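Listed in order, the protein sequences are those of chains A and B.
Counting along the first sequence from 1, when you hit position 27 you're at 27 in our numbering, and nothing is skipped either side.
Counting along the second sequence from 1, when you hit position 74 you're at 74 in our numbering, and nothing is skipped either side.
One or more hints might be untrue.
Capping the alpha-carbon separation at 30 Å, the derived lysine-lysine pairs in DSBU-like fashion look like this [to be verified]:
1) A/Lys-57 - A/Lys-70
2) B/Lys-3 - A/Lys-55
3) A/Lys-53 - A/Lys-70
4) A/Lys-13 - A/Lys-53
5) B/Lys-3 - B/Lys-96
6) B/Lys-104 - B/Lys-69
7) A/Lys-71 - A/Lys-3
8) A/Lys-55 - B/Lys-96
9) A/Lys-57 - A/Lys-3
10) B/Lys-69 - A/Lys-71
11) A/Lys-53 - A/Lys-3
12) B/Lys-96 - B/Lys-52
13) A/Lys-3 - A/Lys-55
14) A/Lys-55 - A/Lys-70
15) A/Lys-53 - A/Lys-71
16) B/Lys-69 - B/Lys-96
17) A/Lys-71 - A/Lys-57
18) A/Lys-18 - B/Lys-69
19) A/Lys-57 - B/Lys-69
20) B/Lys-96 - A/Lys-70
21) A/Lys-18 - B/Lys-52
22) A/Lys-70 - A/Lys-18
23) B/Lys-96 - A/Lys-57
24) A/Lys-18 - A/Lys-57
25) B/Lys-104 - A/Lys-57
26) A/Lys-18 - A/Lys-71
27) A/Lys-18 - A/Lys-3
28) B/Lys-69 - B/Lys-3
29) B/Lys-69 - B/Lys-52
30) B/Lys-96 - A/Lys-53
31) B/Lys-52 - B/Lys-104
32) A/Lys-13 - A/Lys-57
33) B/Lys-69 - A/Lys-3
34) A/Lys-3 - B/Lys-96
35) A/Lys-71 - A/Lys-55
36) A/Lys-18 - A/Lys-55
Just so you know, these hints were derived from the structure itself, not from any lab.
Being a predicted model, the structure only gives us computed values, none of them experimental.
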Amino acid sequence: DVKVTQSSRYLVKRTGEKVFLECVQDMDHENMFWYRQDPGLGLRLIYFSYDVKMKEKGDIPEGYSVSREKKERFSLILESASTNQTSMYLCASSGGVATYNEQFFGPGTRLTVL
Amino acid sequence: DAKTTQPTSMDCAEGRAANLPCNHSTISGNEYVYWYRQIHSQGPQYIIHGLKNNETNEMASLIITEDRKSSTLILPHATLRDTAVYYCIVTGGYQKVTFGIGTKLQVIP
Numbered sequence: 001d002v003k004v005t006q007s008s009r010y011l012v013k014r015t016g017e018k019v020f021l022e023c024v025q026d027m028d029h030e031n032m033f034w035y036r037q038d039p040g041l042g043l044r045l046i047y048f049s050y051d052v053k054m055k056e057k058g059d060i061p062e063g064y065s066v067s068r069e070k071k072e073r074f075s076l077i078l079e080s081a082s083t084n085q086t087s088m089y090l091c092a093s094s095g096g097v098a099t100y101n102e103q104f105f106g107p108g109t110r111l112t113v114l
Numbered sequence: 001d002a003k004t005t006q007p008t009s010m011d012c013a014e015g016r017a018a019n020l021p022c023n024h025s026t027i028s029g030n031e032y033v034y035w036y037r038q039i040h041s042q043g044p045q046y047i048i049h050g051l052k053n054n055e056t057n058e059m060a061s062l063i064i065t066e067d068r069k070s071s072t073l074i075l076p077h078a079t080l081r082d083t084a085v086y087y088c089i090v091t092g093g094y095q096k097v098t099f100g101i102g103t104k105l106q107v108i109p
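Using the sequences provided together with the hints, build the complete structure.
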C-alpha cells in the first residue's frame, strides 16, 4: 500500500513563528504536492515538485516555500506564520512523468496560528 | 476559471445508486476526467478516471458523454460509508491538478 505520512495531525503555532510541515512517501513517487483546504474554498494547490530539488508554484504560493532535498520527502515552510494561514494542510504524491496521475494523500495537518 | 461544474450537494438513499454529475464543457482532447472523494477528516482518495470510454472498477463506474462535455460517477449501491465530498477534475498533459469544492453526497439510511 502506498503510504504518505505527515509529521503532525495537529499543530498550534504563534504569529511570526517559522513553521515546518513534513511529508514523506514510501512509493518512490516522482511528484509531490502541498495543498491547503479551507471551508467553502476546496483544496488549493500551494506548491508541487516533480523531481528532487525542483519546485513549481501552485495557485496560492504567497507566504510559503518548499524544499525537496530527497525524493521521498517534501517540506512546506511558513517563514513567518500568520493567522490567515490557519488551515488544513494536505500532502500528496503521484508516480510517473505526468503530474496529473493518481494522487495519494496523507491524513492532513490541521495548523492553528494564534 | 473553473474547469468543472458540480452540484454543491446531493442526497441518496442507502442501497440505491448514487449518480453524481459533472459538467466540463471546455475539456480538450488530451484531458482526462478524474474523480476523487474525501471522507470527513481524511485526505482525498482516488476513485476512477477516464478519457473517452466508460470505465468501471470495484468502487464505481464513470460514464462520459460522447462529446465529452459531461460525465457521471455512479456508485451502484450506496452505503453510509459513501457519505463524502466527491471531486470531479479535468486535467492532462503537465497541468497542475485543481480541485474545486466538489459535491457533498449524503447517504440517508
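Of the numbered hints stated previously, which ones are contradicted by the structure, given in increasing order? 10, 18, 21, 33
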